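J.: Sequence:
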Amino acid sequence: MRYAQRTLHFLILFGVLLMSHFRRAYVPGGSFFFTVVTERRAPILCTGTSRVFLRTAIRECRQRWPFRIDAMVLLDNHLHAILTMPEGDTRYSARLGWIKKEFTKAYLAAGGNEQARSGSRIRQRRRGVLQRRFWEHALRDEEDYARHFDYIHYNPVKHGHVESVQDWPYSTFHRWVKQGVYPADWGSKAHGIMEFDDLDTSAME
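For the sequence shown, the UniProt record's numbering assigns the number 1 to the initial residue and increments by one for each residue that follows.
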């Protein structure tokens, strides 16, 4: 099923509920889509200890610099998220950098393996756990927000990890099902393949 066709069908079924959610959630100039990737795409993020370290880093970061997690999915070698900053605050880079730093420290302290580092990386004291850069995209409007919101939650199916979005545990999808934003069987391959061709390159994953 093409993305445009699927979106139209989705809006017809859940129009008022869905769009009222996105209008409440979307903050002009303050909602951002992010992708963070592990170094050399090492499959480390979904282990029990890594999830604890990441959850702790996020919680402590939010205590220092508040932000809202609107959507997030965790796969073995990358994560996607939509984060919304407080009004007038766009310091998302500082927040992401702090989360990455604290996760890396905890991961290595627990005996986690890092990838081989170049001489320059060693001199710069950059560890081989997460890629230094991360992808960010300022969401332009409610439609852009909605497309990335769906992209995040469909990602485990896109990568072939599961046949249906509801079968992937490391996702905010389950929160939004409970709140009535998604039906439980949304994103199932049984209903057709969703395509996000215009987002795949920009989203990196």
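In case anyone wonders, no lab produced these hints; they're calculated from the structure.
In this text, all values refer to a predicted model and were calculated from it rather than measured experimentally.
No residue lacks a Cβ here, since even glycine has one placed at the ideal position from N, Cα and C.
A few of these clues could be false.
[Stated by the list, open to error] Only pairs whose alpha carbons sit at most 27 Å apart, straight line, appear in this in silico BS3-like list of lysine-lysine:
#1 Lys-158 x Lys-178
#2 Lys-178 x Lys-189
#3 Lys-189 x Lys-100
#4 Lys-158 x Lys-189
[Stated by the list, open to error] Simulated DEER-style distance windows between Cβ atoms:
#5 Gly-88 x Asp-185: 16 to 26 Å
#6 Arg-62 x Arg-140: 37 to 47 Å
#7 Arg-62 x Glu-195: 11 to 21 Å
#8 Gly-111 x Gly-88: 33 to 43 Å
#9 Arg-64 x Ile-193: 18 to 28 Å
#10 Thr-56 x Glu-136: 30 to 40 Å
#11 Pro-43 x Asp-167: 10 to 20 Å
#12 Gly-180 x Gln-115: 19 to 29 Å
#13 Ala-138 x Lys-101: 34 to 44 Å
#14 Lys-105 x Pro-66: 31 to 41 Å
#15 Thr-56 x Arg-175: 12 to 22 Å
J.: Each hint needs a verdict: does it hold in this structure or not?
T.: Outcome of the hint check:
1. Using a Cα cut-off of 27 Å, the hinted pair Lys-158 and Lys-178 holds, with the two alpha carbons roughly 23 Å apart.
2. Distance hint between Lys-178 and Lys-189 is fulfilled; the C-alpha atoms sit about 21 Å from each other, no more than 27 Å.
3. A C-alpha spacing of about 33 Å is found between Lys-189 and Lys-100, which places the hinted pair above 27 Å, so the restraint is violated.
4. A hinted pair counts as satisfied when its Cα atoms are at most 27 Å apart, and Lys-158 with Lys-189 qualifies at roughly 10 Å.
5. Look at Gly-88 against Asp-185: about 40 Å separates their beta carbons, and that is not inside 16 to 26 Å.
6. Judged by the Cβ atoms, the range 37 to 47 Å given for Arg-62 and Arg-140 is violated: they are separated by roughly 25 Å.
7. Between Arg-62 and Glu-195 the C-beta distance comes to about 34 Å, which lies outside the given range of 11 to 21 Å.
8. At about 42 Å, the beta-carbon gap between Gly-111 and Gly-88 stays in the expected band of 33 to 43 Å.
9. Judged by the Cβ atoms, the range 18 to 28 Å given for Arg-64 and Ile-193 is violated: they are separated by roughly 41 Å.
10. At roughly 23 Å, the beta carbons of Thr-56 and Glu-136 sit outside the given window of 30 to 40 Å.
11. Look at Pro-43 against Asp-167: about 18 Å separates their beta carbons, and that is inside 10 to 20 Å.
12. Evaluation of the 19 to 29 Å hint for Gly-180 and Gln-115 yields a failure: the beta carbon distance comes to about 42 Å.
13. About 23 Å separates the C-beta atoms of Ala-138 and Lys-101, a value inconsistent with the hinted range of 34 to 44 Å.
14. Between Lys-105 and Pro-66 the beta carbon distance is about 22 Å. The supplied range of 31 to 41 Å is therefore violated.
15. In this structure the supplied range 12 to 22 Å holds for Thr-56 paired with Arg-175, their Cβ-Cβ distance being about 19 Å.
Comparing the model with each numbered hint stated earlier shows that hints 3, 5, 6, 7, 9, 10, 12, 13, 14 do not hold.
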